[in-house]
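Produce the complete structure using the sequences and hints provided.
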Amino acid sequence: MTRIRAAGLRLRSIWRGSLLVRVTSTTLILSLVVVAALGFILLTSISSGLLAAAERNAITEARAGMTDAQRVSAAVETGTAAASPGRVVDTLVASLAARAGNPPQYEVLLLATPDNDNNAPERGTNLVSTLSVPTDLRTSVNDSGRLSWTFTEITYLDNRGVPGIAVGAPLTIPGLGTYELYYLFPLTDQVGTLDLVRGGVVAVGALLVILLAAIAWIVTRQVVTPVRTAAQVAEQFAHGHLTERIQVRGEDDLARLASSFNDMAASLEKQIHQLEDLSRVQQRFVADVSHELRTPLTTIRMAADLLFEGRDQYDAATARSAELLQTQLDRFESLLTDLLEISRHDAGAAVLDVDLLDVVALVNRVVAATTPLADRYGSPLVVAIDETAKEDSPWDATVSADSRRIDRVLRNLLDNAVEHGEGRPIIVTIGASASSVAVTVRDYGVGLSDEAANHVFTRFWRADPARARTTGGTGLGLAIALEDVRLHGGWLEVWGAPQQGACFRLTLPRAAHDQLLDSPLALTPADAGVDVNPNIALPSQANPDRSPVSSSSHAGLL
Amino acid sequence: MLVVDDDLALAEMLGIVLRSEGFDPTFCADGSLAVQAFRDAKPDIVLLDLMLPGVDGIDICRMIRAESGTPIVMLTARNDTVDVVVGLESGADDYIVKPFKPKELVARLRARMRRTDEPAAELLTVCDLSIDVAGHSVKRGNDLISLTPLEFDLLVCLARKPWQVFSREALLQDVWGYRHAADTRLVNVHVQRLRAKIEHDPEKPEIVLTIRGVGYKAGPP
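Residue numbers (the working numbering), protein chains in the order written: chain A, 1 to 558; chain B, 1 to 221.
Note that these hints are calculated values from the structure, not bench results.
These figures come from a predicted structure and were not determined experimentally.
It cannot be assumed that every hint is accurate.
[What the hints assert, rightly or not] One side of the interface only, derived from the structure: several residues of chain A facing chain B at Cβ under 7 Å:
no., residue
1, 294
2, 295
3, 297
4, 298
5, 301
6, 302
7, 303
8, 305
9, 333
10, 356
[To be verified] Label pairs and their calculated CB-CB ranges:
no., chain 1, residue 1, chain 2, residue 2, range
11, B, 59, A, 511, 34 to 42 Å
12, B, 209, A, 518, 34 to 42 Å
13, B, 130, A, 459, 57 to 65 Å
14, B, 8, A, 319, 27 to 35 Å
15, A, 319, B, 26, 32 to 40 Å
16, A, 319, B, 130, 53 to 61 Å
17, A, 279, B, 146, 43 to 51 Å
18, B, 161, A, 461, 48 to 56 Å
19, A, 311, B, 209, 49 to 57 Å
20, B, 8, A, 524, 54 to 62 Å
[Unchecked claim] Partial list, computed: chain B residues near chain A (C-beta under 7 Å):
no., residue
21, 9
22, 10
23, 17
24, 99
Glycine is no exception: its CB is placed at the ideal position from the N, C-alpha and C atoms.
This is the structure we're talking about:
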């Protein structure tokens, strides 16, 4: 059953997928119907013509025979008075049979009427059986008393049977009473002719159908082949083979299609090259700007550092200036770095430096590096390993990835969580499946509205523009993280609800660019829906006397 | 030490910082004169800006490395894969990305100049190599193989514990002196350079083995 279904589906896909198959098979079916109808009409008219002729011939022949029979039977009676009934009948039938010629064109059958009780003998020529005459005909002959005829099957005593026409009329033989005389005309010739014609019609019809289908196939191919070539070339073109062109042959519509396709391809190629050149120039420009900026920045940086080191020797205002110079230089630097990074992503110039990477070790490293910052905010960092998928041993969380980029992504997520974690614990969970490894970073801060969740990856976006920027976030961190993850073919998603905290989930395929289907960890945390009320005691809350969370102080982001 | 940099302001600032840290820098602002300046000054370390007018920093790096194993630290404005890897492959021991903090620079330089004072006489063997740690020489049979101090340190670090697999991070810490995780490409490139000098067939290493997903280890003694 399923095999039939599968075959049906395959046929369906072939039918839908190939114009050639569709046109050819439609032509085949339609011409089959037309040829069958034509053949039927032809055969019907030929057979009815043949039969009408045979019928006329039979009636003429029978009428002459009947007249003859009347004469012969009268003669028999006047000839030998003492002749036995058997001899009379024999003579009659023999004389009638003689008229049929050799080989006989018809059979003669002499039957006594049912009400003839003279013990009258019955005779027929050539072993013809009395069953050849249908009872309907006999009734009609007896009732009307005139010449009647019908189509019948002429049967013989040796069980042969041929279709034929039976013509009958009543005959009175003096001394023997009433008889019925039947002439049976076999239609062997006509049937033979009809068979021949039918064979011819079927053979010609089949040939015609096959030829029509072949013609349809050839004609369609002429159209389909160039279209298919065009489709192939277009596909190649779409895959980046910008120099692919269709060969133009002739001057017909298809050639025009090909040449306009080629024109389009040439124009696209030119524009793409222009864009590539432009992007190369831009990339080069960004790189040059970066270098040109960085050299003086290095000098400034070193000078500022020197001033900062010696700030104890200055008066208060100068010392504070040295401090501000130092911190703002940090900010300037990270902004410059992030801008350069995102412009590299935009230019498509970011390349992966893939290596085997143990995510657990990486997470531990990043957590260790973020701990000083987390301590300042009072948020404990907890690393957990998701045990649910541990059946497929040996459990490991290694991926082929660019460690520098993934390190940066995780650092961004953790910094972000610490910054908006309101001093509550931050839980980093690592999960792995056969095809992917995931890390979630869950915080219990003020959380995210739906609108905020839609925008966290937008460059320079801030949930609340009025909120003062306290940490050195550039506004590009999460945007860069998203680009970095995309470069691996991975996912970076966020869940958040106001007053419930937020959860970022990073999912990486085991090998970069493998298709991701699902993530080993859920994006929506199990404790979603629970309001993070400042009164709820969270484990190891580091800063119990901090002011209650107010809903207006919504999180600004990295 | 020799500082090769075309930016006069940066060179002056570097001079201030380096002198305050007890270095005695000489300067060269022109790339085409850098190799000559190196021969004249015979510095114990070179600080080289990659982007120079005249001769490319990469070429200077190659020329200096061709005649000496003196540690070279590159100054680079970009940490693109290609830029840094090309610099390291042309012989630089370490690199530092502009802008940097003075302390960071000094730490990098000190790490490269650090010489364990008079190490105890120690002889190590890896495969068919014999390493004289005190004498700073590596021999295959009677043939002396010339390694830069960094390559030598890398080989000794691996050869001392042939049973241990060193992660790239561990090597960065032990050989380069990075306290925090840094660019692991440093390790990759220098392992390649080391292999090119000591392996019979660098494509099929027998002395410095790669343990996929973990790091490197030395071959059997």
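Structure-based check of all given hints:
1. 294: Holds: closest Cβ of chain B sits about 4 Å from residue 294(A), inside 7 Å.
2. 295: Since the shortest Cβ distance to chain B is 5 Å, the answer is holds.
3. 297: holds (4 Å)
4. 298: holds (4 Å)
5. 301: holds (4 Å)
6. 302: OK, holds: residue 302(A) within 7 Å of chain B, min 5 Å.
7. 303: holds (6 Å)
8. 305: Hint holds; residue 305(A) Cβ to chain B Cβ min 5 Å, cut 7 Å.
9. 333: Nearest chain B Cβ about 6 Å off; hint holds.
10. 356: Residue 356(A) check passes; min Cβ-Cβ to chain B is 4 Å, inside 7 Å.
11. 59(B) <-> 511(A): 34 to 42 Å: holds (38 Å)
12. 209(B) <-> 518(A): 34 to 42 Å: About 37 Å separates the Cβ atoms of residue 209(B) and residue 518(A), which means 34 to 42 Å holds.
13. 130(B) <-> 459(A): 57 to 65 Å: holds (58 Å)
14. 8(B) <-> 319(A): 27 to 35 Å: holds (29 Å)
15. 319(A) <-> 26(B): 32 to 40 Å: Because 34 Å falls inside the window, the suggested range holds.
16. 319(A) <-> 130(B): 53 to 61 Å: Since the Cβ atoms of residue 319(A) and residue 130(B) sit about 59 Å apart, the hinted range of 53 to 61 Å holds.
17. 279(A) <-> 146(B): 43 to 51 Å: About 45 Å separates the Cβ atoms of residue 279(A) and residue 146(B), which means 43 to 51 Å holds.
18. 161(B) <-> 461(A): 48 to 56 Å: holds (50 Å)
19. 311(A) <-> 209(B): 49 to 57 Å: Given range 49 to 57 Å: holds, Cβ gap about 51 Å.
20. 8(B) <-> 524(A): 54 to 62 Å: holds (59 Å)
21. 9: holds (5 Å)
22. 10: Residue 10(B) check passes; min Cβ-Cβ to chain A is 5 Å, inside 7 Å.
23. 17: At 6 Å from the nearest chain A Cβ, residue 17(B) passes the 7 Å test, so the hint holds.
24. 99: holds (4 Å)
Checked against the numbered hints listed earlier, the structure breaks none of them; every hint is satisfied.
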